[in-house]
Amino acid sequence: MREPDRLPSTVDIAAACADVIERVRAHSPRVHCITNAVAQNFTANILLAAGARPSMTISPEEIGSFVAGADALLVNLGTFDAARRAATDTAIEVAAEESLPWVLDPVLIDRSQPRAAYAAELVTRGPRALRLNRAEFTALTSGEPDGEALRRYALDALTVIGLTGETDVVTDGTRVAAIRNGHPLMSRVTAMGCVASALVAACVAVEGDAWLATTAALLAIGVAGEGAAAHARGPGSFATEILDALDRLDRDVLLARAKVQ
Amino acid sequence: MREPDRLPSTVDIAAACADVIERVRAHSPRVHCITNAVAQNFTANILLAAGARPSMTISPEEIGSFVAGADALLVNLGTFDAARRAATDTAIEVAAEESLPWVLDPVLIDRSQPRAAYAAELVTRGPRALRLNRAEFTALTSGEPDGEALRRYALDALTVIGLTGETDVVTDGTRVAAIRNGHPLMSRVTAMGCVASALVAACVAVEGDAWLATTAALLAIGVAGEGAAAHARGPGSFATEILDALDRLDRDVLLARAKVQ
Amino acid sequence: MREPDRLPSTVDIAAACADVIERVRAHSPRVHCITNAVAQNFTANILLAAGARPSMTISPEEIGSFVAGADALLVNLGTFDAARRAATDTAIEVAAEESLPWVLDPVLIDRSQPRAAYAAELVTRGPRALRLNRAEFTALTSGEPDGEALRRYALDALTVIGLTGETDVVTDGTRVAAIRNGHPLMSRVTAMGCVASALVAACVAVEGDAWLATTAALLAIGVAGEGAAAHARGPGSFATEILDALDRLDRDVLLARAKVQ
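Those sequence lines, one after another, are chains A, B and C. Heads up, the working numbering is the position in the first sequence plus 4, with the first residue counted as 1. Heads up, the working numbering is the position in the second sequence plus 4, with the first residue counted as 1. Heads up, the working numbering is the position in the third sequence plus 4, with the first residue counted as 1.
Pulled out of the complex, with its shape left as it was, chain A reads as follows (with noise of 0.2 Å):
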């Protein structure tokens, strides 16, 4: 008899995503984030409660340093500003030269046109994944997120899809999981799903294979987040119990609660 949750496949698929994040803590990758005013402080301490070293300096004179010294390059459209859009410029190009991967979370580009124009335009520069939700991908391909239109956009974009919601999903067109973990707690805390893409690029950071990452990140934080969701009272105890749980996360806890196939 087997366990419903627990085909073969998620075993193998979660002890690789328990290796990224041990390599995580391991190496220390450092983080340089351009993200959103929301979510600065909050993605900090996730990536430091993951191990991770973070940064975030989007000025024109020091982002090159930053991003050169940086192991993956995290871009998030949260209050983006010409400041930002500046400093992404310049990242991604640094990034290109050094080979960084970096990774891109278009958020609300469902509530803005020229928001959505530009992450189309930045898909095309060669992100390593896209964390997004439906209502964003809907606006980035004019369709729904079914299945089949995620996997074909990640071939032409040769990109990793990873969709959250209550199932995350994350495609490279070829290899799909579908993770059912998290909490709904989580939508209920402000950018969550911001912090969960920095956790992508500092998987992306230790680990080449960015199917494998991306997953192993999403893993992660949904785990993170039925154990903060054991000991909140409500959203707020929740945030800061999701850093208390990411901190202790460990090869046994995410095995034993990994919904992943």
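By construction, these hints were calculated from the structure, which means they are not laboratory data. Errors might be hidden in some of the hints.
Claimed, not checked - Ranges of calculated distance between the beta carbons of each label pair, as one might list FRET restraints:
| hint | chain 1 | residue 1 | chain 2 | residue 2 | range |
| --- | --- | --- | --- | --- | --- |
| 1 | A | Arg29 | B | Glu148 | 55 to 65 Å |
| 2 | A | Gly212 | B | Arg252 | 43 to 53 Å |
| 3 | A | Pro118 | C | Glu125 | 36 to 46 Å |
| 4 | C | Asp256 | A | Thr171 | 47 to 57 Å |
| 5 | A | Ser103 | B | Ser69 | 30 to 40 Å |
| 6 | C | Asp256 | A | Arg184 | 44 to 54 Å |
| 7 | A | Arg184 | C | Glu148 | 46 to 56 Å |
| 8 | A | Gly130 | B | Asp256 | 48 to 58 Å |
| 9 | A | Asp160 | B | Pro188 | 55 to 65 Å |
| 10 | C | Ala90 | B | Thr171 | 40 to 50 Å |
| 11 | C | Glu102 | B | Ala124 | 20 to 30 Å |
| 12 | C | Ala90 | B | Glu148 | 29 to 39 Å |
| 13 | C | Arg237 | B | Ala139 | 36 to 46 Å |
| 14 | C | Glu97 | A | Asp160 | 53 to 63 Å |
Using N, Cα and C, we set each Cβ at its ideal position, and we do this for glycine too.
Following the hints, position chains B and C against chain A.
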């Protein structure tokens, strides 16, 4: 025999306020916030805890579409700069075109003469409500915030004044509500006034009577503050607990604890 | 027999530090902070927990009046940009005119050569104290932060060095304090160094001897960190608990726990 804090009118006002708070949860209004860098994260989380949906961009090319798609606008003058001023001008124009209610929080205008002058100009552009403290009211009007001055200012400016302090006073010049809820720890956490103003914006989104909407918002945050204080061991845990308390605030709690008349 | 950690001088220094911390609560100094986007909220809350009153604007038309009305200024170079640089120039000028003490935190200058050069220039403009870590001191001086180098730098620059790490060292070139309080979780929360610097600014506002003021600030945050760690289950709850611990930190706790000599 009746309880001194619960005159008959209290029950009526509190019940009307509870209706407003329930409507925020039912309709999840979108509240676009031009607010200061210190308050952004806490403001977003307070709005989510109340059931509203925050957005925060100030980019000139995006602010119009964000405001047009919102149900209310908050203009908070903390950490004000050229970008926020440009965003505010556009946002208020769009709000006027779309008949969108907006709320002004003239943060710390007692510390900066140019900011006070700008706030006075903004008042002429039709905010549905002003949320401020005594020092800020004095800077705005060059007069003491006694009951008569508040009523006269509200009538002249055709707006609602929500003056917070040990007792909160809400007036549209005709009606006056006095709210004696809240807790001293509320003044020990940064941006507590800012998040109260954001909650006013969420309430004017769902209630056309701005006096009632403002009363509902200040009552809700005051009652949530009392609930938070029961669990908190200091200002740090209080900031967390008030999010949890607001999240679980319901009609019964509001009616049982309201000290409004 | 005497306890090894509590040499007689410890008691004297700790008592003098406790006086400074009590004076911050008694006088509620206004501390204007030019600080980075990641640290702003936490910095404001730390200052409030200590009894000080924070402000944070960087707008060119307002910074002068905010600084002129403050009791101390913090200049923190994290997420530095053109707006913060312009604000800093004005703020330091006003501080000089008003004889206002100011504190420099050269965040991450080890990651950015232009920022290191700017920090070196700022040191010539008379900060009362510098709070930094080992890597930042090395970037500033191109030398190892041994005791002799610290003392020489403090003498040459006519300032106080507050070097934080496992043991904090505070010197004005003549006197040296070593503080062995604190907890490893302090390095797992973002902006912990930034808030320590803000606390130094609050202390120089009420204590003319910058060496004592810096020692008091670093001792207070270290002892608060130990108190927080006793309740915390990870970095998330630690960030909350340190605010509570600092809020209730009093003379008795400080004297009982101080490891300073």
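Results for each hint:
1. Arg29/A with Glu148/B: 55 to 65 Å: 59 Å, holds
2. Gly212/A with Arg252/B: 43 to 53 Å: 45 Å, holds
3. Pro118/A with Glu125/C: 36 to 46 Å: 39 Å, holds
4. Asp256/C with Thr171/A: 47 to 57 Å: Since the Cβ atoms of aspartate 256/C and threonine 171/A sit about 54 Å apart, the hinted range of 47 to 57 Å holds.
5. Ser103/A with Ser69/B: 30 to 40 Å: Holds, at about 36 Å.
6. Asp256/C with Arg184/A: 44 to 54 Å: 52 Å, holds
7. Arg184/A with Glu148/C: 46 to 56 Å: 52 Å, holds
8. Gly130/A with Asp256/B: 48 to 58 Å: 55 Å, holds
9. Asp160/A with Pro188/B: 55 to 65 Å: For proline 188/B against aspartate 160/A, whose Cβ atoms are near 58 Å apart, the range 55 to 65 Å holds.
10. Ala90/C with Thr171/B: 40 to 50 Å: For threonine 171/B against alanine 90/C, whose Cβ atoms are near 41 Å apart, the range 40 to 50 Å holds.
11. Glu102/C with Ala124/B: 20 to 30 Å: For glutamate 102/C and alanine 124/B the Cβ distance comes to about 27 Å; the hint holds.
12. Ala90/C with Glu148/B: 29 to 39 Å: 37 Å, holds
13. Arg237/C with Ala139/B: 36 to 46 Å: 40 Å, holds
14. Glu97/C with Asp160/A: 53 to 63 Å: 55 Å, holds
When held up to the earlier numbered hints, the structure conflicts with none and fits them all.
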